[in-house]
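**Q** As a plain string of letters, each chain reads:
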Amino acid sequence: MTTTTIDDAPFIEPSATAPRNYLNDEYGVLSWLLTRDHKRIAVLYAISVTVFFMVGGIIAFMMRLELLTPEGDLFTSDTYNKLFTLHGIVMIFFFLIPAIPAVLGNFILPIMLGAKDLAFPKINLLSWYIYMIGGSFGIYVIITGGVDTGWTFYTPFSTQYSNTHVFAVTLGAFITGFSSILTGLNFLVTIHRMRAPGLTWFRLPLFVWSMYATSVVIMLATPVLAITLVLLMVERTLHVGIFDPALGGDPVLYQHMFWFYSHPAVYIMILPGMAVISECVAAFTRKKIFGYKFVAFSSLAIAFLGFLVWAHHLFVAGISIYSAMVFSFLSMIVAVPSAIKVFNWTATMYRASVSWQTPMLYVLGFIGLFTIGGVTGLFLAALGIDVHVHDSYFVVAHFHYIMVGGTIMAYLAGIHYWWPKITGRMYPEWWARLSALLVFVGFNLTFFPQFLVGYVGMPRRYHAYAPEFQVLNVLSTAGATILAAGYLLPMIYLFWSLKFGRKAGTNPWGAVGLEWATSSPPPKENFHETPVVTWEAYDYPAFLKAMRETQHG
Amino acid sequence: MANPTLHDLQHPGSEEAHVPHHPFLQHHFEDLGQQHEASTLGMWFFVAQEILFFGGIFAAYTVYRVMYPAAWSAGAHHQNWRIGFANTIVLIASSLTMALAVWGAQGAKRKFTTLMLVLTLFLGMTFIGVKAFEYREHIHEGLFPGSAFTYVDHEHPELTRGVELFMLFYFIMTGLHALHMIIGAGLLIWFIRRSWRGDFGEEYYSPVEIMGLYWHFVDIVWIFLFPLLYLIH
Numbered sequence: 385m386t387t388t389t390i391d392d393a394p395f396i397e398p399s400a401t402a403p404r405n406y407l408n409d410e411y412g413v414l415s416w417l418l419t420r421d422h423k424r425i426a427v428l429y430a431i432s433v434t435v436f437f438m439v440g441g442i443i444a445f446m447m448r449l450e451l452l453t454p455e456g457d458l459f460t461s462d463t464y465n466k467l468f469t470l471h472g473i474v475m476i477f478f479f480l481i482p483a484i485p486a487v488l489g490n491f492i493l494p495i496m497l498g499a500k501d502l503a504f505p506k507i508n509l510l511s512w513y514i515y516m517i518g519g520s521f522g523i524y525v526i527i528t529g530g531v532d533t534g535w536t537f538y539t540p541f542s543t544q545y546s547n548t549h550v551f552a553v554t555l556g557a558f559i560t561g562f563s564s565i566l567t568g569l570n571f572l573v574t575i576h577r578m579r580a581p582g583l584t585w586f587r588l589p590l591f592v593w594s595m596y597a598t599s600v601v602i603m604l605a606t607p608v609l610a611i612t613l614v615l616l617m618v619e620r621t622l623h624v625g626i627f628d629p630a631l632g633g634d635p636v637l638y639q640h641m642f643w644f645y646s647h648p649a650v651y652i653m654i655l656p657g658m659a660v661i662s663e664c665v666a667a668f669t670r671k672k673i674f675g676y677k678f679v680a681f682s683s684l685a686i687a688f689l690g691f692l693v694w695a696h697h698l699f700v701a702g703i704s705i706y707s708a709m710v711f712s713f714l715s716m717i718v719a720v721p722s723a724i725k726v727f728n729w730t731a732t733m734y735r736a737s738v739s740w741q742t743p744m745l746y747v748l749g750f751i752g753l754f755t756i757g758g759v760t761g762l763f764l765a766a767l768g769i770d771v772h773v774h775d776s777y778f779v780v781a782h783f784h785y786i787m788v789g790g791t792i793m794a795y796l797a798g799i800h801y802w803w804p805k806i807t808g809r810m811y812p813e814w815w816a817r818l819s820a821l822l823v824f825v826g827f828n829l830t831f832f833p834q835f836l837v838g839y840v841g842m843p844r845r846y847h848a849y850a851p852e853f854q855v856l857n858v859l860s861t862a863g864a865t866i867l868a869a870g871y872l873l874p875m876i877y878l879f880w881s882l883k884f885g886r887k888a889g890t891n892p893w894g895a896v897g898l899e900w901a902t903s904s905p906p907p908k909e910n911f912h913e914t915p916v917v918t919w920e921a922y923d924y925p926a927f928l929k930a931m932r933e934t935q936h937g
Numbered sequence: 011m012a013n014p015t016l017h018d019l020q021h022p023g024s025e026e027a028h029v030p031h032h033p034f035l036q037h038h039f040e041d042l043g044q045q046h047e048a049s050t051l052g053m054w055f056f057v058a059q060e061i062l063f064f065g066g067i068f069a070a071y072t073v074y075r076v077m078y079p080a081a082w083s084a085g086a087h088h089q090n091w092r093i094g095f096a097n098t099i100v101l102i103a104s105s106l107t108m109a110l111a112v113w114g115a116q117g118a119k120r121k122f123t124t125l126m127l128v129l130t131l132f133l134g135m136t137f138i139g140v141k142a143f144e145y146r147e148h149i150h151e152g153l154f155p156g157s158a159f160t161y162v163d164h165e166h167p168e169l170t171r172g173v174e175l176f177m178l179f180y181f182i183m184t185g186l187h188a189l190h191m192i193i194g195a196g197l198l199i200w201f202i203r204r205s206w207r208g209d210f211g212e213e214y215y216s217p218v219e220i221m222g223l224y225w226h227f228v229d230i231v232w233i234f235l236f237p238l239l240y241l242i243h
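The listed protein sequences derive, respectively, from chains P and V. Heads up: the first sequence at position 553 corresponds to 937 in the working numbering, and the numbers run straight through without jumps. Heads up: the second sequence at position 7 corresponds to 17 in the working numbering, and the numbers run straight through without jumps.
Excised from the complex, chain P in its bound form (with noise of 0.2 Å):
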């Protein structure tokens, strides 16, 4: 391997020309509107995720300010009952389950595939429409006075007791749902019909085997849940017992049929964050990633198991012992392929000369906070410690560790490190490594004094609480204060780079990948003429001979 640095990258764009691109090919709100370009359709998410989060994460900081005390004297603790189950929702099916298979994904996987679009273009579009439509349901139920049931739905309360906006965010989540099945079939598709000559199953860039595992989840999974919510609006509208059991229902059916879904919705959330780090462990260690495919095949082993081990949500719930030894035997079975992801990706790093930009500093905090999460997840699949803190701010924390230290880490890693080839301009460094630092920093002290609340029997979905907790919970608070600057901050100096960062170039990174052979940004169809792939993945010498080779030729 040649001494290239980062730096001296080679492939800088000569031309001084302003090629056309996806993003000046054509003007005016309606050709983003009506476009079928999976580019632009990725912006589109792009925009309307970064709004349900700042939504969401708004709500968590009202949650947070009330938790400052003891006492419930912020908000009523019906208030927080919806800020809790509001926070839960808008941040789960309107942020994390789209954040990046539909943005990053939409974007880069036809491009690392060689292809000039997803297999049903149309249908990509649709797919924004319609979450759309599920958001704005959300949106709505926000405005006209919100939803107390918490995220999961639990029956009979959402059916029989809660005189809140029920319906409508269920069918909000129901019409998202098929925005997802929609994304994930036009992955799969795309994945097996779309690859460029030469690029075979085992040259794809790991990103593309998570994405795909990801689709499998989401396409098994996800109508689950849809019946089940079409059952829970027509036993609320009807009055029926199908979950009542004062009717003669059976209300731990609602919470197998649930979790039969939201489990594997946790791994829909985690597989893409894992995509994006190996991407971005191969391209700032500049080598192969260790054990290809050991990583390869860790995802799917991971979409498989996810779908057996749903009912270690259900442990305080009623289900037989034997059953519950079986599940949570399961439980701790995922935590395999989970570790030989981490332990590969430590063995790439290993000895390698790691270049600390922004996007592997994201990496760093998410292998450190996902493997805190990981291993608080096999506390939890202990049938003992499950019934101890069960409920508690441990769940919380451990949770969060993953979805947050993990699922968004992994999603500003994946930001940062495309955001060259999607503006074609380079975001601020300085300011970047900044707020990766007050993320890392604020996301610790937000969450882990909630492990130790937890552990010691703080119950999760209370206002208020025993005053030996508060030391913990102002801790927790100035946290979250520290982790909202990290958040914003990139908003700032991202938004500031569209105009005045300083031009990317090809292959900023010198990293190795179909899209880093293409201009950036992009031309509309991704390449002017469809690439051959001669390179196994992550194969830098031979990539740099090829794109040599393209360019002289």
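If you're looking for bench data, these hints aren't it; they were derived computationally from the structure. It is possible that part of the hints are untrue.
[As the list claims (entries may be wrong)] These stretches of chain V come out as covered by chain P in the derived footprint (C-beta under 8 Å, 3 or more residues):
#1 55 to 61
#2 146 to 158
[Stated by the list, open to error] Negatives, chain P to chain V, calculated, CB over 12 Å:
#3 520
#4 698
#5 755
#6 849
Every residue gets a Cβ at the ideal spot worked out from N, C-alpha and C, and that includes glycine.
Knowing the structure of chain P, use the given hints to seat chain V on it.
**A** Quick look at chain V alone, frame taken from chain P:
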């Protein structure tokens, strides 16, 4: 050879392969073969998704069937299996005409394909009409769940709630099935128009083929619904 077959398009080595800009070749595909494979695979994945969608409600049905076997049996007695059976025949016939339509489209038999699609639509609508008639009877008997449920099992009053639950599953399952048929009918109307216009031929028939996949899937769902709701006592 004026009209190259799909085989030729998939194997661009042969000399007839170059048909630039077929009117229905979308810009992001290399050739019609790739486009055909993509849309067929897409429909297969969609069907997989549908299986999980119906699978959820079949699972719930099974749970309650095990929990309330007597009420489930009583509920099934309110179904007229003769009507259900006749309707099953209608639906299977529509699957046959659909399959013939695909065959016709592949052979560029414009009139035949259109006729078969029209017949499929007619049979599908017949099924929906019969279903609507059955619904009317049930509602008349006070078997529609919720506040409209006025039915009381006089022999076994304790089964009344269970029968309501059975009828609820009956209406949701057959209702979702009927909704799928109505969506299918909408697609059929569109394809009848396209078929009559002469859009389909040896090299381009994917829409009819994937319509067939969808239609057969919806029929198979009914093949499961019919015994579960009408026959098992």
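**Q** Determine for every hint whether it applies to the structure shown.
**A** These are the hints, each one checked on the structure:
no., hint, result
1, 55 to 61, "holds (count 5)"
2, 146 to 158, "holds (count 3)"
3, 520, "23 Å, holds"
4, 698, "14 Å, holds"
5, 755, "32 Å, holds"
6, 849, "38 Å, holds"
Consistency with the previously given hints is maintained throughout, with no hint failing.
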